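Residue numbers (this note's numbering), protein chains in the order written: chain G, 1 to 378; chain Y, 1001 to 1356.
Derived by calculation from the structure, the hints in this document are not laboratory data. Hints are not guaranteed to be accurate.
[Unchecked claim] Residues from chain Y that face chain G, not an exhaustive set, calculated with beta carbons under 10 Å: (1) G1044; (2) L1048; (3) M1105; (4) M1138; (5) W1163; (6) Q1237; (7) L1283.
[Unchecked claim] Below, in silico cross-link-like pairs of lysine to aspartate or glutamate (EDC-like), each with a Cα-Cα straight-line distance of 16 Å or less: (8) K63/G with D95/G; (9) K166/G with D183/G; (10) K63/G with D36/G; (11) K1169/Y with D1202/Y; (12) K1275/Y with D364/G; (13) K1243/Y with D215/G; (14) K109/G with E1217/Y; (15) K273/G with E376/G; (16) K1043/Y with D1030/Y; (17) K55/G with D36/G; (18) K1026/Y with E1058/Y; (19) K273/G with D364/G; (20) K1169/Y with D1279/Y; (21) K206/G with D95/G; (22) K1243/Y with E233/G; (23) K98/G with D183/G; (24) K109/G with E1107/Y; (25) K1228/Y with D1279/Y; (26) K206/G with D225/G; (27) K206/G with D183/G; (28) K1243/Y with D247/G; (29) K1243/Y with E229/G; (30) K1285/Y with E1217/Y; (31) K1243/Y with D36/G.
[What the hints assert, rightly or not] Here are the in silico distance ranges between beta carbons for each label pair: (32) R26/G with D1087/Y: 47 to 57 Å; (33) Y269/G with G1197/Y: 28 to 38 Å; (34) R81/G with Y1083/Y: 39 to 49 Å; (35) V84/G with E1289/Y: 32 to 42 Å; (36) E1289/Y with G222/G: 29 to 39 Å; (37) G222/G with A1110/Y: 23 to 33 Å.
Quick caveat: nothing in here was measured; it's all calculated off a predicted structure. Backbone N, C-alpha and C define an ideal beta-carbon position, used for all residues, glycine too.
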Amino acid sequence: MNLHEFQGKELFRAAGIPVPPGEVARSADDAAAIADRLGYPVVVKAQVLIGGRGKAGGVKVVKNRDEVMREAGRILGMDIRGHVVRQVLITPATDIEKEFYAGIVLDRKFETPLLMVSPSGGVDIEEVARMAPEKILRVHLDGRGLPAYRARAAARFLDPRFAVQKQIVPILTKLAALYHDQDASLAEINPLVVSARGEVAALDAKVVIDDNALDRHAELAGMRDLGAEDPGEVEAREKGLSYVRLDGTIGCVVNGAGLAMATMDLIQYHGGKPANFLDIGGSSNPDKVTAAMNILTRDARVRAVLFNIFGGITRCDDVARGLLTALDRIGMKLPIVIRLTGTNEQEARDLLSARGMTALSDMDEAVRAVIARAAEAA
Amino acid sequence: MSILIDRSSRVLVQGITGRDGSFHAKQMRDYGTRVVAGVTPGKGGTDLDGIPVFDSVEEAVQKTKADVSVIYVPASLAQDAIYEAADAEIPLVVCITEGIPARDMIEIAAYLSGRSTRLIGPNCPGLISPGQCKVGIMPGFIHAPGRIGLVSRSGTLTYEVVWQLTRAKMGQSTCIGIGGDPIIGTRFTDALALFEGDDKTDAVVLIGEIGGADEEEAAALIESTMTKPVVAFIAGQTAPPGKRMGHAGAIVSGGSGTAQEKIARFERAGVPVAKVPSDIPRLVKTALERGRPKLRVVAGGASRAAAAGKKAAPKKRVAPRPAATSAAKRGATKKRAGARPAAKRRAKPARSKSRH
């Protein structure tokens, strides 16, 4: 689960990482009131769950009330790569002397968290890794977390001044503790700045929480911003489905994540475009199938739907029954192509043909068929 | 023969009285697996369809000599279940459970390093040596005994491929689902090394997906040490970056972990990559006829395992890991009382995920 910048900063503050003051506004008037309180100049920052908001014009420094009204009004409601801005963070502008990067990710290869720091802050760390890899220091965090001596080494890598290092060390230690305690999969400060007065602070916060750990962090689960997510993805999660919206015209409903990905790939291979990733899991529950169909039918770009089910422990006839029940409930208009294979395949076929539907057993054949149906419907 | 499990494997089910555990315990037994025990705390002394249930893994192992454990407990209890199995020194632990927090797995990985227990999973369908033993949730009937090894990060996609192989008259020695999480016990490289050392496996099918770099490591291992042909398939070419595709580990992040990169790496290693799943049987047939291209590094017999271990050498570490290397620790592991030597030999050689 991705957190907004202001939510990440709340976590930072609670962990003792210095963060400039700031408040969130949902209207230009609120933004101006906050800015008046904080004192000018302030920065108006779009709160969206996607990177690159600065380049998109979603971050502006303003000097007075008129400007804050104008810029907040402009940024609120703005569309940044498909994400509509509904909140802005108002925070005092900082005189920046230096910008660093500090971030912790999960290193899958070494099976430990990995702290990366770089004196080249304020830009994408992937960019730094490509252009100037020597400017990144990597520190693996083992069972001890981040011992102070290693935090000191990282701080020395960032800045030669002891007065600055002394401030960086506790920030890195606290960031490592936060990553662990909050079950983060990413905790990033970019930029971590030294101000003109020599004070170190986190000017941005990017925190991602491990979805599998939300059960033990009720307070974090409550931070989920449903309005900022795709409605289909929100509904899917509530119903226990895994759904990701794509740009194509062919909806797919598949059991299993790997098969779902392979199905999308196969649609593209045969010249079509998948509209989504959707894994209904190992269930033949009609409620799940109904939820899946509802999500797909709401997507206006979907022209045809492919069901691809490999019956293993889940029996094909159960899935067919679930599908027929779901179709009765929602009165689906879109053309459907069904591919079933595995346990009780024949029974499933019989059930479907009794209702005038046919099921294919070959995956390539089914994909070609659904592409043809989508083209007819377009 | 087969790898990791066979006719003689004695299987213990952790969480045997739960919905999934009880269902699959019976399914496994129906397939011919020797399911010798179950564990559910508080249910000791009862039985499930004649399978004795114990309160602890330790007791179950003492009484039944179980040497494989399969875990069906909920995610919040899974870390403890794995610890319990490892502390009972079960050589092979298969964790089916999905949804375990990454932090729990980080701790598990550190704990298992240097111990004699091999973990498969979590978030996996398990493994099967067709006609002999099934440990997991896969439908048994789609498999056939034979000489193709299969290793995969997926569940139903694996069934799909197995089913196509079986219909093409290509039976399988062992099929392993290693799991879709970012941190897993047995990786592609471990499984490949096992298949390479198994004289009943002629070729290996590897099914990967987006996320992480395990496929790239596998390609490097194949390039340097494998004499048997490998055919690969990678799912997720159409997956958008930054989005998790069902599996916790299936995500393209920071522009890396893409299907395209993985496919290119395999092709560079001389591994044919199927464009569509239905192409796999044909590629396997061709690969078997041709064999592997000559190895760049000739590694035979004993040095093969050493080469497999080397691939994980850290590149960019600022400080050495404080813990003893897994090899050193492994040497110090005490002998397990009552363990069958065959099981031990099977479980050990491929802990190639060393960190030295």
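Status of the hints after comparison with the structure:
| no. | hint | verdict |
| --- | --- | --- |
| 1 | G1044 | violated (28 Å) |
| 2 | L1048 | violated (18 Å) |
| 3 | M1105 | holds (8 Å) |
| 4 | M1138 | holds (6 Å) |
| 5 | W1163 | holds (7 Å) |
| 6 | Q1237 | holds (5 Å) |
| 7 | L1283 | violated (15 Å) |
| 8 | K63/G with D95/G | holds (14 Å) |
| 9 | K166/G with D183/G | violated (27 Å) |
| 10 | K63/G with D36/G | holds (11 Å) |
| 11 | K1169/Y with D1202/Y | holds (14 Å) |
| 12 | K1275/Y with D364/G | holds (12 Å) |
| 13 | K1243/Y with D215/G | violated (21 Å) |
| 14 | K109/G with E1217/Y | holds (9 Å) |
| 15 | K273/G with E376/G | holds (15 Å) |
| 16 | K1043/Y with D1030/Y | violated (23 Å) |
| 17 | K55/G with D36/G | violated (26 Å) |
| 18 | K1026/Y with E1058/Y | violated (22 Å) |
| 19 | K273/G with D364/G | holds (14 Å) |
| 20 | K1169/Y with D1279/Y | holds (14 Å) |
| 21 | K206/G with D95/G | violated (21 Å) |
| 22 | K1243/Y with E233/G | holds (11 Å) |
| 23 | K98/G with D183/G | violated (30 Å) |
| 24 | K109/G with E1107/Y | holds (14 Å) |
| 25 | K1228/Y with D1279/Y | violated (19 Å) |
| 26 | K206/G with D225/G | holds (15 Å) |
| 27 | K206/G with D183/G | holds (14 Å) |
| 28 | K1243/Y with D247/G | holds (14 Å) |
| 29 | K1243/Y with E229/G | holds (12 Å) |
| 30 | K1285/Y with E1217/Y | violated (25 Å) |
| 31 | K1243/Y with D36/G | violated (39 Å) |
| 32 | R26/G with D1087/Y: 47 to 57 Å | holds (53 Å) |
| 33 | Y269/G with G1197/Y: 28 to 38 Å | holds (35 Å) |
| 34 | R81/G with Y1083/Y: 39 to 49 Å | holds (44 Å) |
| 35 | V84/G with E1289/Y: 32 to 42 Å | violated (57 Å) |
| 36 | E1289/Y with G222/G: 29 to 39 Å | violated (60 Å) |
| 37 | G222/G with A1110/Y: 23 to 33 Å | holds (31 Å) |
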